[in-house]
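Q: Spelled out from the first residue to the last, the chains are:
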Amino acid sequence: MKLHELTIQDAHNLLKKKEISSKELTGAVLDRIEEVDEKTGAYITVVKKEALLDAENADKCISKGEITPLTGIPLSIKDLICTKGVRTTCASKILENFTPPYDATVITKLKKAGAVITGKVNMDEFGMGSSTENSGLKTTCNPWDVTRVPGGSSGGSAASVAADMCLGSLGSDTGGSIRQPASHCGIVGMKPTYGRVSRFGLVAFASSLDQIGPLTKNVSDCALIMNTISGYDPKDSTSVPKDVPDYLSALETGIEGLTIGVPREFDLDEGVHPDVSMAVKNAVKKMEGLGAKCVDISLPHSKYAVAAYYVIATSEASSNLARYDGVKYGLRDKNQNNLIEMFKNTRKAGFGPEVQRRITIGTYALSAGYYDAYYGKASQVRTLIIEDYSKAFEECDVILSPVAPAPAPEIGENAEDPLAMYLADIFTLSANLAGIPGISLPCGFSNEGLPVGLQLTGGHFNEETILKVAYNFEQATDFHKKKPNI
Amino acid sequence: MKISKKEVINVVKLARIDIEEGALDKFAGQIGKILEYIDTLNNVDTTGVKPTSHAISLTNALREDELKESINRDDALYNAPEKEDGFFVVPKVIE
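Protein chains in written order, with the working numbering: chain A, 351 to 836; chain B, 24 to 118.
All the pointers check out, no bait thrown in.
In silico BS3-like links for lysine-lysine, alpha-carbon gap of 30 Å or less:
no., chain 1, residue 1, chain 2, residue 2
1, A, K352, A, K461
2, A, K636, A, K833
3, B, K28, A, K443
4, B, K106, A, K585
5, A, K585, B, K91
6, A, K352, A, K368
7, A, K462, A, K585
8, A, K459, B, K91
9, A, K443, B, K36
10, A, K410, A, K462
11, A, K443, B, K29
Coverage of chain B stretches by chain A, computed from C-beta distances (three or more under 8 Å per stretch; other residues unrestricted):
no., stretch
12, 46-60
13, 74-81
Please keep in mind that the hints were generated in silico from the structure rather than gathered at the bench.
Values in this document were obtained by computation on a predicted structure and should not be read as measured data.
For each residue, glycine too, the CB sits at the ideal point set by N, CA and C.
Work out the full structure: start from the sequences and follow the hints.
A: Structure, rendered in C-alpha cells:
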C-alpha cells in the first residue's frame with residue numbers, strides 16, 4: 351500500500367514501530383497533493399515547508415518514545431479554522447489575505463498532539479452552501495467524478511480525504527456541512543454534539559448551529575480525532591464542561607439489542623433517488639442482521655426544519671458577518687468617499703452572491719416588524735423539533751436516515767436555484783437545530799458509481815453510541831475500502 | 024411577489040451591501056422565493072411554545088477577571104487595510 355493511502359490508525363502503528371517516518375509519510379502526502387490536486391482543487395493553501403518541519407519534529411518526538419495517536423499524521427484543515435501565521439480565507443474575497451494572529455483551540459490541540467498540518471482546504475464561502483461551488487476563490491471537484499461537486503460546505507476537506515491528499519481533515523457543520531460532503535465523497539464525517547468541541551478560532555457563520563468535527567477514511571480514525579479535539583474550553587462560552595469518554599474503546603462492543611429508529615417522515619420512496627433509497631434500505635437490513643432492532647419512529651415537525659433553519663441560520667449570519675466592514679482586517683474597497691460608502695463597497699466587492707443573499711434574508715428576518723413573524727416563529731418551531739427528538743430517543747438509541755436525497759449533483763446543476771440547494775439539506779440540518787451529534791458513513795454506490803452515505807444521529811453527548819453502530823456497520827461492509835480512481 | 028424591489032433596496036441598505044441596479048430583479052426574485060417557502064412555518068401551531076436560541080442551554084459562563092497574555096498591538100494591526108501610528112485608519116467621519 352502507498353503511504354498516502356494509509357488510515358491514521360495504520361500510519362500510527364507503522365510510525366510507532368519506526369517502520370516509516372513522519373517525514374516519509376508527509377512527503378508522500380505532499381507529492382500526492384502535487385499529483386492530483388490540479389484535478390480536484392481541494393487545497394487553497396499548501397504549507398509544504400512548515401509541514402515537513404512539523405514532520406521532522408514529530409520524528410524527533412517519536413524517537414524519544416513520545417507518541418500520541420496523531421503524532422506525525424498529516425491532516426488538512428477547512429479554511430475557516432484559524433491557523434496562526436497561515437492565511438485563513440473562509441474561501442471569501444473579503445478575507446483572501448487574512449492571516450490570523452492566533453490558533454483555534456482545535457489547532458492548538460492538534461499541534462500539542464504532534465499532528466502535521468498540510469494546508470487549508472476549500473469550502474463554500476463562510477460555510478454557506480452545500481456544494482463548495484460558492485467558494486469565492488476556486489472550484490473543487492468530486493474525486494469520484496470530476497464533473498460533479500464534492501458536496502459542501504466542507505467540500506475541500508472531503509475531497510482531500512477521499513483523494514488521499516491527507517490522512518484526515520477538520521471541517522465544520524452548520525446544517526450538514528461535514529456529513530453531506532463526506533457522503534458525496536465516500537468517507538466518514540462527524541458533527542459532534544453542540545458544545546462538545548471548542549469553537550474558539552472558528553470563523554462564525556451561525557453561532558447556535560456551528561460545530562467543528564472530523565472527516566476521515568474510516569470510523570476508528572474519526573474516533574481518534576474526536577478523542578483529541580473534544581472537551582471543555584474556557585475560551586468558548588458555549589463549550590460544555592463535561593468529561594470526554596475514550597471514543598475508540600467505545601467501538602469495541604457489538605450492537606446486539608440496540609434499537610435503531612427509522613423516521614417515517616423521511617420517506618425513502620418519495621423524493622429520494624432510487625439508488626440512495628436502495629442503499630439505505632439495505633443498511634437497515636444489515637443493521638438487523640447485526641442484531642439491532644429497527645423500529646418505526648416519528649419526527650412530526652421535520653418537514654418544517656428547512657424553513658426554520660434558513661431563518662435562524664441567515665439571521666445569525668447577518669449579525670456575525672457585520673464585522674466585515676473593511677476596518678480592522680480583510681478587504682477594503684478603494685472606492686470610498688465616506689465611511690458608509692466604504693462599508694457598502696467593501697461588502698459588495700468582498701462577498702459572493704450566496705453570502706449576500708443570506709445576509710439580506712437574515713437582515714430582513716430580524717428587522718423591525720418582521721422579527722416575531724420570522725425569527726420568533728422559527729425559534730418556536732425549533733423547540734418543537736428538539737421535543738420530537740427527545741421523544742424519539744425515548745424509543746430508540748440511534749436514528750438512521752440518508753444523508754442527502756441524491757448522490758453528488760453535477761457542477762452547476764443548482765446554480766440558479768438557491769432554494770433547490772437548501773431543500774437538499776433536509777436530512778442533515780435538524781441535527782444542528784437540535785444540537786445532537788450525527789455521523790455520515792459510506793453505505794453503497796449509485797449505478798453510476800457515486801458514493802452514498804448513511805446518517806446516524808444520537809442523543810446529546812451520545813457520540814459513543816453512533817460511533818459504535820457506525821463501526822459495526824463498517825466492519826460488516828466493504829464500501830469504505832473502495833477508492834476513487836483519480 | 025413576497026418582497027418588493029423597494030423593500031429589498033431598503034434591506035440591503037440596512038445590511039450595508041450594495042447590489043447593482045441590473046442585478047436587483049433577479050436578487051429580489053430569489054429572495055422572494057425563499058421567503059415564500061419560509062412562510063410554510065405559518066402552518067405550525069406554536070401557541071404557548073417557548074422559543075429556543077441554543078439547543079444546549081448553559082447558564083452564564085463566568086470566570087475570574089484575571090490578567091492574561093493577549094496579542095500585541097503589532098499583531099492586532101497586522102491585517103489592517105490601513106493603519107497609522109498604532110491606529111486603524113478609516114475615511115473621515117466628522118465634517
